[in-house]
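Engineer: Okay, here's what each chain looks like letter by letter:
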Amino acid sequence: MANHKLSLIVNGHTEELLVSSNTTLLHALRDHLGLMGTKNGCEAGECGACTVLLDGEPVNSCLVLAVELDGREITTIEGLSNNGQLTPLQQAFADLNAVQCGYCTPGMLMASTALLNRNPRPTEVDIQKALVGNLCRCTGYQRIIDAVIKASEQGSAQ
Amino acid sequence: MTITESGLIGKSVKRTDGLDKITGCAVFVDDIQFGPNLLHSRLVRSPYPHALIKNIDTKKAEALPGVRAVVTGKDMEARLGLYLIDRPIFASDRARYYGEPVAGVVATSEQIAVEAAALVEVDYEALPAIYDPVEAAQEDAPLLHPDLGDYPVANFIFPQPGTNISEHFKIRKGDAEASLASCAAVAEGRFRLPPIEHVPLETHTSIALSEKTGQITLWATSQSPFAMRDMIAQSLGISHNNLRVIAPLVGGGFGGKAGVTMEACAVVMAQAVEGRPVKLRFTREEEFVGTSVRQSLVSDIKVGCDADGILQAMELTYYFGGGAYNDYGVNIARAAGYSCTGPYDVPNVKADSLCVYTNYPVGSAMRGFGMPEIHWGLEQIMDRLAEEIGMDPVEFRRLNCVRTGDEIVSGMNMTPIDLEACLDKVTKAIHWDKKEAPTAPNKKRGKGIAIMWKAPAMPPNPGSAAVVRFNEDATINVEVGGQELGQGTFTVVAQIAADVLGIPYENATVSYPIDTKYSPYEWQTVASRLTWSMGNAVKAAAEDARFQILETVAAHWDEEIEDLTIKDGLVISFKSEREMPLNKMVIYGLPNENYEGWKGGPVVGRGHFMPTYVTNLDPETGQGTRAVVHYTVGAQAVDLEVDLETGQLEVLNIASVYDVGRAINPDLIMTQIEGGAVHGMSSAFEALKFNEAGEVINPSFVDYRIATIADIPRKIHGDFVETPIDDGPWGARGVGEHVMVQTAPAIANALYDAVGIRFSDLPLSADKIYLALDEKESQ
Numbered sequence: 001m002a003n004h005k006l007s008l009i010v011n012g013h014t015e016e017l018l019v020s021s022n023t024t025l026l027h028a029l030r031d032h033l034g035l036m037g038t039k040n041g042c043e044a045g046e047c048g049a050c051t052v053l054l055d056g057e058p059v060n061s062c063l064v065l066a067v068e069l070d071g072r073e074i075t076t077i078e079g080l081s082n083n084g085q086l087t088p089l090q091q092a093f094a095d096l097n098a099v100q101c102g103y104c105t106p107g108m109l110m111a112s113t114a115l116l117n118r119n120p121r122p123t124e125v126d127i128q129k130a131l132v133g134n135l136c137r138c139t140g141y142q143r144i145i146d147a148v149i150k151a152s153e154q155g156s157a158q
Numbered sequence: 001m002t003i004t005e006s007g008l009i010g011k012s013v014k015r016t017d018g019l020d021k022i023t024g025c026a027v028f029v030d031d032i033q034f035g036p037n038l039l040h041s042r043l044v045r046s047p048y049p050h051a052l053i054k055n056i057d058t059k060k061a062e063a064l065p066g067v068r069a070v071v072t073g074k075d076m077e078a079r080l081g082l083y084l085i086d087r088p089i090f091a092s093d094r095a096r097y098y099g100e101p102v103a104g105v106v107a108t109s110e111q112i113a114v115e116a117a118a119l120v121e122v123d124y125e126a127l128p129a130i131y132d133p134v135e136a137a138q139e140d141a142p143l144l145h146p147d148l149g150d151y152p153v154a155n156f157i158f159p160q161p162g163t164n165i166s167e168h169f170k171i172r173k174g175d176a177e178a179s180l181a182s183c184a185a186v187a188e189g190r191f192r193l194p195p196i197e198h199v200p201l202e203t204h205t206s207i208a209l210s211e212k213t214g215q216i217t218l219w220a221t222s223q224s225p226f227a228m229r230d231m232i233a234q235s236l237g238i239s240h241n242n243l244r245v246i247a248p249l250v251g252g253g254f255g256g257k258a259g260v261t262m263e264a265c266a267v268v269m270a271q272a273v274e275g276r277p278v279k280l281r282f283t284r285e286e287e288f289v290g291t292s293v294r295q296s297l298v299s300d301i302k303v304g305c306d307a308d309g310i311l312q313a314m315e316l317t318y319y320f321g322g323g324a325y326n327d328y329g330v331n332i333a334r335a336a337g338y339s340c341t342g343p344y345d346v347p348n349v350k351a352d353s354l355c356v357y358t359n360y361p362v363g364s365a366m367r368g369f370g371m372p373e374i375h376w377g378l379e380q381i382m383d384r385l386a387e388e389i390g391m392d393p394v395e396f397r398r399l400n401c402v403r404t405g406d407e408i409v410s411g412m413n414m415t416p417i418d419l420e421a422c423l424d425k426v427t428k429a430i431h432w433d434k435k436e437a438p439t440a441p442n443k444k445r446g447k448g449i450a451i452m453w454k455a456p457a458m459p460p461n462p463g464s465a466a467v468v469r470f471n472e473d474a475t476i477n478v479e480v481g482g483q484e485l486g487q488g489t490f491t492v493v494a495q496i497a498a499d500v501l502g503i504p505y506e507n508a509t510v511s512y513p514i515d516t517k518y519s520p521y522e523w524q525t526v527a528s529r530l531t532w533s534m535g536n537a538v539k540a541a542a543e544d545a546r547f548q549i550l551e552t553v554a555a556h557w558d559e560e561i562e563d564l565t566i567k568d569g570l571v572i573s574f575k576s577e578r579e580m581p582l583n584k585m586v587i588y589g590l591p592n593e594n595y596e597g598w599k600g601g602p603v604v605g606r607g608h609f610m611p612t613y614v615t616n617l618d619p620e621t622g623q624g625t626r627a628v629v630h631y632t633v634g635a636q637a638v639d640l641e642v643d644l645e646t647g648q649l650e651v652l653n654i655a656s657v658y659d660v661g662r663a664i665n666p667d668l669i670m671t672q673i674e675g676g677a678v679h680g681m682s683s684a685f686e687a688l689k690f691n692e693a694g695e696v697i698n699p700s701f702v703d704y705r706i707a708t709i710a711d712i713p714r715k716i717h718g719d720f721v722e723t724p725i726d727d728g729p730w731g732a733r734g735v736g737e738h739v740m741v742q743t744a745p746a747i748a749n750a751l752y753d754a755v756g757i758r759f760s761d762l763p764l765s766a767d768k769i770y771l772a773l774d775e776k777e778s779q
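Chain order of the listed sequences is A and B.
Per the working numbering, numbering of the first sequence is gapless, rising by one per residue and ending at 158.
Per the working numbering, numbering of the second sequence is gapless, rising by one per residue and ending at 779.
Quick caveat, the hints were computed from the structure, so don't treat them as lab data.
Careful: at least some of the hints might be erroneous.
What follows is a list of derived Cβ distance ranges for each label pair [what the hints assert, rightly or not]:
id : chain 1 : residue 1 : chain 2 : residue 2 : range
1  : A       : 117       : B       : 77        : 56 to 66 Å
2  : A       : 13        : B       : 33        : 36 to 46 Å
3  : A       : 117       : B       : 700       : 25 to 35 Å
4  : A       : 31        : B       : 620       : 52 to 62 Å
Within a straight-line C-alpha distance of at most 25 Å, the following computed SDA-like cross-link-like pairs (lysine to any residue) qualify [as the list claims (entries may be wrong)]:
id : chain 1 : residue 1 : chain 2 : residue 2
5  : A       : 150       : B       : 12
6  : B       : 14        : A       : 153
7  : A       : 150       : B       : 19
8  : B       : 715       : B       : 764
9  : A       : 5         : B       : 109
10 : A       : 129       : B       : 702
11 : A       : 150       : B       : 14
12 : A       : 129       : B       : 714
13 : A       : 150       : B       : 714
14 : B       : 715       : A       : 5
15 : A       : 150       : B       : 115
16 : A       : 129       : B       : 212
17 : A       : 150       : B       : 653
18 : B       : 14        : A       : 63
19 : A       : 150       : A       : 132
20 : B       : 715       : A       : 125
21 : B       : 715       : A       : 130
22 : B       : 715       : A       : 132
23 : B       : 60        : B       : 115
24 : B       : 212       : B       : 115
25 : B       : 428       : B       : 109
26 : A       : 5         : B       : 11
27 : B       : 11        : A       : 125
28 : B       : 443       : A       : 43
29 : A       : 129       : B       : 443
Since the structure is predicted, the reported quantities are computational estimates derived from the model, not experimental observations.
Ideal Cβ positions, reconstructed from N, Cα and C, are used throughout, including at glycine.
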């Protein structure tokens with residue numbers, strides 16, 4: 001299997017990678033870069049646990065081939081907070097106990113971050129539409145909606 | 001709600017694991033890195049639901065470059081089980097469900113393991129398969145376990161060798177038959193539930209390492225690292241101190257990660273490649289096909305009341321479809337047996353609760369442990385009986401529900417609860433007396449009620465141990481063996497320890513991952529038992545540490561221990577008003593006068609808890625002094641509407657109230673109540689589906705739908721009441737499972753209120769509702 005050299009800008013840093021043609025972005029992040037915050041829930045694009053931002057847009061990283069992404073910008077959960085400074089969205093998830101087991105949380109945070117970037121004041125319905133592909137078995141979702149609204153009221157996700 | 005003097009019990013402090021989980025720092029099993037030495041593995045699964053295994057040829061698989069080992073169950077006598085030791089690690093002579101592991105392949109990459117698994121050649125001889133537990137319980141049914149009589153079994157489980165019945169629990173109380181004959185009203189019905197999956201977002205994953213020294217380490221997605229160690233150690237003849245189970249945070253369990261699922265397979269494969277860690281990670285498809293399920297149930301219920309609506313008698317038969325192996329399911333049938341009436345006073349009861357082998361996946365623990373299954377029928381039949389006798393469903397329940405001190409079905413006296421208070425709160429929140437208009441002319445709206453009870457279902461003597469260890473700066477590490485699955489148990493034990501020790505909550509850190517090499521013993525994280533049992537152990541450990549501190553300071557000051565307390569990290573004397581910061585003495589102790597020696601030293605508190613008062617039940621009558629430690633009760637009310645053109649059902653409001661004994665962390669209770677209501681709602685629409693050949697046909701999120709963010713009720717009205725029990729920390733008991741037990745029947749009752757049709761079988765799919773509406777229309 002041929003190996004492909006590419007560079008990704010991950011959380012602001014340029015990373016050089018050697019990947020196979022069938023390596024997904026999910027595996028590139030986890031297995032090649034050791035960024036384990038992005039979770040593998042189904043590898044079929046059905047649960048949203050592996051959501052990351054690709055040039056600011058949310059994608060299921062299990063459905064994107066790494067070789068197609070040379071030079072593109074990726075943001076993962078590890079890139080959300082800096083020097084201990086949480087984003088308002090992360091803070092709202094913590095404050096409202098919108099987290100239980102935590103396995104869906106990175107994907108939820110990334111998908112919600114993307115939503116707030118394009119729509120700073122989403123309605124409940126907007127949030128439901130944006131997160132319908134992110135499954136959670138623990139929380140019952142309402143606190144996740146509430147957290148996104150709380151973050152939006154504070155201005156922005158970032 | 002009251003808050004303790006230290007202010008932490010009853011306070012909604014934030015989760016201890018919250019920051020880890022919102023920053024991506026939380027480590028789950030799949031996130032642990034093992035480097036290039038790691039090997040990968042894949043299981044070979046039976047394509048038949050029931051077949052004899054004539055031969056397994058591994059040669060082609062072994063010859064594939066990169067394959068390091070292929071293991072089978074050949075020559076392996078080992079079986080697994082908690083209550084009934086009936087399950088092989090790899091099926092060797094017979095496969096009993098579609099997807100059962102028959103071999104395991106270890107290779108240098110996941111891809112090679114997948115390719116090699118396809119090269120393992122297995123000769124099967126198909127056998128007749130049986131799926132319906134009622135049919136499987138008949139004498140002429142094809143037998144799954146001809147050797148049932150040889151399996152080791154717990155002394156409170158009663159398998160029937162020569163049949164598929166792995167447990168038969170009986171209640172014989174009063175004379176149900178005679179009483180029913182004289183009842184003013186009787187309701188009767190058969191109710192069915194399909195098997196459903198737990199569907200945690202994290203799939204089952206294990207890494208096992210067998211070292212040349214004989215030491216085995218197993219990293220596993222586990223709710224019960226100690227029970228897992230015990231079962232695998234016993235099965236494979238490994239000493240407990242040579243088997244180390246490390247269980248990081250669990251990405252959702254719901255019972256599916258209790259006991260042993262696939263972890264013993266990983267250990268056996270690792271033993272074949274000494275010195276190299278072997279990873280076994282289930283795909284999402286395998287999570288649906290190859291893990292345990294909530295058992296199916298067919299329940300036959302007959303219940304009668306007198307002219308005043310007072311319950312007189314019940315006759316019940318529960319047929320639990322236990323699947324291929326019932327090592328856990330037998331205790332579900334037992335729990336359903338001793339709680340068979342639901343939360344009602346019924347003087348005459350005849351009940352038979354059976355666990356029956358079927359050719360479905362292994363039936364096992366799932367959130368509620370038999371209670372969602374039995375309440376599905378019970379809570380609908382109570383509505384029917386209320387209607388029969390002309391009473392409002394809420395009034396009927398208020399009249400008949402169990403109260404503190406009542407003699408319940410198993411003969412024990414009910415532990416303190418207040419179910420009426422729960423009923424009051426839900427009926428108020430849902431506006432029970434108000435008929436509300438649907439939101440559109442093509443819809444009908446209705447309301448339904450359901451109540452529940454559940455006791456922790458476990459052996460009589462499951463224990464908890466805890467250690468509270470001080471650091472130099474008077475922060476503490478709380479060491480426990482119970483697991484954080486998302487329910488918030490680490491937060492609660494940190495609160496408990498900090499409260500007892502008079503230190504800030506932020507100064508208490510729970511030591512995790514749970515590691516059987518270092519963590520104190522905990523039976524299992526199941527049965528909603530940790531706040532109660534592990535909470536008691538942590539409280540005792542903190543009290544032990546507190547006593548050590550006060551003893552040292554009292555001697556130092558020449559005062560009485562009774563005159564001292566700890567507040568805000570200071571030991572203070574009420575008498576002399578002296579103060580001593582904890583960080584001056586919790587490690588280094590205190591000097592005697594003129595430094596002539598020292599007293600005290602590093603403070604390490606230890607505590608344990610084990611219930612000592614549960615008694616055996618008579619095998620013929622199910623009667624005994626104390627069947628269980630206690631019960632938790634609750635009520636739910638549902639307000640929904642149905643689209644008459646599509647059969648689509650929308651839950652608008654759920655009111656959900658439980659008696660938690662004492663709320664240690666009120667907001668965490670609310671997170672359980674809210675999440676459980678949605679889980680319970682989702683469960684009403686879920687089914688693991690099989691074709692005629694016994695194959696699972698919906699093993700993906702697309703075909704097995706769980707509730708999404710778009711499906712949730714418009715509002716969940718959560719609340720709790722507090723009737724303290726005498727054996728819980730500050731009176732607290734568990735509530736993690738109860739919150740979904742009666743959601744499905746509450747929905748069914750509301751559906752009846754809306755459209756006048758009773759649905760006795762789950763799931764409540766839109767097509768089923770539509771067809772029933774259509775049929776009603778045409779009548």
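Engineer: Which hint numbers doesn't this structure obey?
Structural biologist: 2, 14, 15, 16, 18, 24, 25, 26, 27, 28
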